[in-house]
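Participant: Note that the protein sequences, when read in sequence, are chains A and B. Per the numbering used here, the first sequence runs over residues 5 to 314. Per the numbering used here, the second sequence runs over residues 2 to 563.
To be clear, the hints were calculated from the coordinates, so they are not data collected in a lab. Since this is a predicted model, take the numbers as computed values, not measurements. Be aware that a few hints might be false.
[Claimed, not checked] Cut-off 30 Å, straight-line C-alpha distance, at most; resulting in silico cross-link-like pairs (DSS-like, lysine-lysine):
1. 166/A with 155/B
2. 155/B with 286/A
3. 250/A with 211/A
4. 244/B with 166/A
5. 227/A with 250/A
6. 250/A with 166/A
7. 250/A with 212/A
8. 529/B with 427/B
9. 227/A with 211/A
10. 166/A with 135/A
11. 219/A with 166/A
12. 529/B with 250/A
13. 227/A with 166/A
14. 135/A with 211/A
15. 250/A with 155/B
Next come the chains, spelled out residue by residue.
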Amino acid sequence: MNIPSPLIPASLQARDINFLFQIVLIISAIILLVVAGLVLYSAVRFRRRPGDPVPTQDFGNTKLEITWTVIPLLIVTVMFFLSVRTMHAVDPPPLNRPPDIQVVAHQWWWEFSYPESGVITANELHIPIDKNLLFSVTSADVVHDFWVPQLARKIDAIPARKNFAWIAADQPGLYLGTCAEYCGVEHAWMRIRVVAQTPEEFSQWQKKQLAIPAKPTEPLAVKGYNVFMSRPCSSCHRIAGTPADKDIGPDLTHIGSRQTLAAGVFDNSPGNLEAWIADPQKFKPGCHMPDLQLEPAELTALTAYLEELQ
Amino acid sequence: MNQMSQAQAVPRSIRTIPEYRGLLSWVSSVDHKQIGIMYLLGALLFLLLGLVEATLIRIQLAVPENTFLSPDSYSQIFTMHGTTMIFLVGMPLMLGLSVYFVPLMIGARDMAFPRLNAFGFWIFLFGGFLLYFSFMSGSAPLAGWFAYAPLNEKAYLFNSGQDYWVIALLLTGAGSIATAINVIVTVFTLRAPGMNFRRLPLFVWMTTINSFLILFALPALNTALVMLFADRQLDALFFVSAKGGSALLWQHYFWFFGHPEVYILILPVFGIISEVIPVFARKPIYGYGFLAGSTVAIAFLSFAVWAHHMFATGLGFPVYYVFAGASMLIAVPTGIKIFNWIATMWGGSIRFTTSMLFATAFLIQFTIGGLSGVAFAAVPIDWQLTDSYFVVAHFHYVLLGGMLFGIISGIYYWYPKMTGHFLSEKLGRAHFWLMIIGFNGTFFVMHLMGLFGMPRRVFTYPADIPYLAPMNMLSSCSAAVLMLSLLIFFANLIVSLYRGEQASDNPWEGWTLEWATSSPPPPHNFDKVPYIRNRRPLWDQLHPDLPEARLEAEHEAGGASR
Ligand code: HEM
Ligand SMILES: [Cu+2]
């Protein structure tokens, strides 16, 4: 069960934030109990009964009022220092270290790249566990926000501006996230999956991602390859080792290895893939992939080809 | 009591005042009472529209991966919902009550500038209609109520909905500024003899401070709107970062206006609560000086907290320190008011009219909204929860559970004064209890949705994330109860105008000046304004054996605060 909740932290920093949240929650609960208790008590105790005399006309009491000003002041002072402490723990400055991961947000998908290895992928981020990784975030169009609650703070992706933050996971597993800043009509389907792996698994994954897919040989896949290169597909997408090298849409070099399609709209299965290519606007209305008017035969061939891109 | 002046035979009703007969008398009016009522009616009309939009939102979200609304319609609807509720409901409700009651409470004949007053109302109404006209232009705006750049630019939203949004907000904004100036001048120049600033009713205090807030905050919005319009229509590049502008600049402008704006919406409500609770508890407000003074503190601080809406934008630690500190600080003058109100109830003899019920609920619900607000000032918590459903819960506790509950309290309190009829208490109680259940049922779970990872402004959510579906279903069902309660409210407003029990001049035994004239007040407000010797000008009439002067003297002698 994957619950993308900051209450179920899976990294040191998410735990730090959760700890602060618990403290604030407890303080708030106490204050609320006191206030609600006083209100309800006075509502019951001092309700008017027939024949009540005019109550004592009490205009105020400076000492009391100063007391109930100073106490909240002390509480927020404590909260302020706790916040500062947590801020520094969660978000240490990057100190000119190059980022391990570069995140570029697009309407409505994510581009992830690893500058050191050169891996480029989309919507599904793989990280090795037990390592604090620095990532940079920017946007290719409007403001978005990278939010994987169990692993990291959220951070805005703003065009022409680079933000930095840290991400880590201390258990292998799948962690869900999403775009958290409204970025246009398909904001809901801009989901993130983070796959945290043991270092061995991660380097295997990385090796596979770096491999250039073999040229298709099976006839249907060959036909699919030709469709891809001759139809508008290649004017937006990249597949390593082929002439298709655009980055307007997600990199498809290893599309077959990903868990979902269209940033979370559906699971990655041959049927879904074909349905998606046939009519993206049906499943993600407003998205920037047009309806390509392909023949059914072309669709089948394309699907066969893309499924091979593991 | 003091109702000798009321003519025995003719029951007074706003429907029978000769000067208020016929549509023309309203459309051409410069009477602050008519304008105030028209403001309120306009706001209620837009409230109805905003509620329809909220209903559509909740239907769409009731089940995961619903296809009731298209993503495009959903975006238009939540944008219109937010924009409507803030600019066409919150603002005019508060301005309407201000222009109706400020002159009456200070014993004036009218506002200082009656024609400007009419201008303020009509320009608001025109702006509101223009915003809704955008539906007919092909598309309503869909960038959200704070319309972040560069999504609000032509490159991303090319249809004219966003332009309607700009113009509509410019117009209503101009109207708000005009009315703010009017309130300030009225309060500074037209107070009854003897009413110095230490004797001003707290509602007037709050609306006055509020008017200064409007005066300083709205120009920031208007500036940004003009810049955006230049970007969209004249290819200027203020907010186009790809070409050297700055997307973040919009956020600074918007929130420099936007944060004071939320105080603009709530301060007059603080004023209402400070009028309602004392009258129904039959005690003076506890700590008048503290209440007024802390409001001044809020006004200043509210200009130093805007970047707490931008903690996730990567502004850097020094900025976070300042704005986190100021945001926590502003919670103090806001929070202590709750204690002043409780202390006013304490030891009183409280009459639970519907108005008082709403004021009581306000105290608790506003506290919940305030506490989640403080949590957001703790920067790392904001880093998790901003732009999630936790925020939606937070601001509905402030705006609906706080602002709207407070305004409704004020409407039950003042409706007899405005119309000459009581609102039905029976319907009022049904309205109250259903609204309590509906409101808390709809919005309390939204805290949890946020904590379970649901971002705001999504037209749907994945079916396979545990718990989101049942929580959303609960919220949607409760929203139906909430809508029902508000329909009862609307019905009450209409039915009571015709059938409502006749109200006397001072039905609640209030002690501010608006109760010194007839219900409804005559067009000229007062036959004679008494000389004001203290904060409760009508107290002595009601309690000749306990004169205010003596109470005050005893209190001063006791050395306590005033
Ligand atoms: C009666 C019931 C109401 C319901 C059921 C309701 C429901 C909602 C929901 C579910 C959202 C989030 C939409 C989204 O993020 O996709 C929302 C947004 C909002 N609501 Fe309400 N609401 C109600 C009344 C109000 C009132 C009275 C106010 C203010 C006076 C208000 C102000 C707002 C604002 C400012 C937004 C943000 C819009 C945006 O994101 O641009 N709402 N409402
Ligand atoms: Cu996004």
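Participant: Sort out whether residue 250/A lies within 30 Å of residue 529/B, counting only the CA atoms.
Facilitator: 81 Å, violated
Participant: Given the hinted pair residue 135/A and residue 211/A, is their Cα-Cα distance within 30 Å?
Facilitator: Holds - the C-alpha atoms of residue 211/A and residue 135/A are around 19 Å apart, at most 30 Å.
Participant: Going straight from one Cα to the other, do residue 244/B and residue 166/A come out at no more than 30 Å?
Facilitator: 16 Å, holds
Participant: Does the structure keep residue 166/A and residue 155/B at a Cα separation of 30 Å or less?
Facilitator: 24 Å, holds
Participant: Is residue 219/A close enough to residue 166/A, meaning Cα to Cα at most 30 Å?
Facilitator: 37 Å, violated
Participant: Assess, step by step, whether the Cα of residue 250/A is no farther than 30 Å from the Cα of residue 211/A, and give holds or violated.
Facilitator: 22 Å, holds
Participant: What's the verdict on residue 227/A and residue 166/A, does the C-alpha distance respect the 30 Å limit or exceed it?
Facilitator: Judged against 30 Å, a Cα distance of about 41 Å means the pair is violated.
Participant: Would the hint linking residue 250/A and residue 166/A be met if the CA-CA limit is 30 Å?
Facilitator: Satisfied, since the Cα-Cα distance of roughly 22 Å is no more than 30 Å.
Participant: Does residue 155/B pair with residue 286/A here, judged by a C-alpha cut-off of 30 Å?
Facilitator: Holds - the C-alpha atoms of residue 286/A and residue 155/B are around 25 Å apart, at most 30 Å.
Participant: For a C-alpha distance cap of 30 Å, please report whether residue 227/A and residue 250/A respect it.
Facilitator: 21 Å, holds
Participant: Compare the distance between the alpha carbons of residue 227/A and residue 211/A with 30 Å, and conclude whether the hinted pair is satisfied.
Facilitator: 28 Å, holds
Participant: Holds or violated: are the alpha carbons of residue 529/B and residue 427/B at most 30 Å from each other?
Facilitator: 36 Å, violated
In this structure, the hints that do not hold are numbers 8, 11, 12, 13, in rising order.
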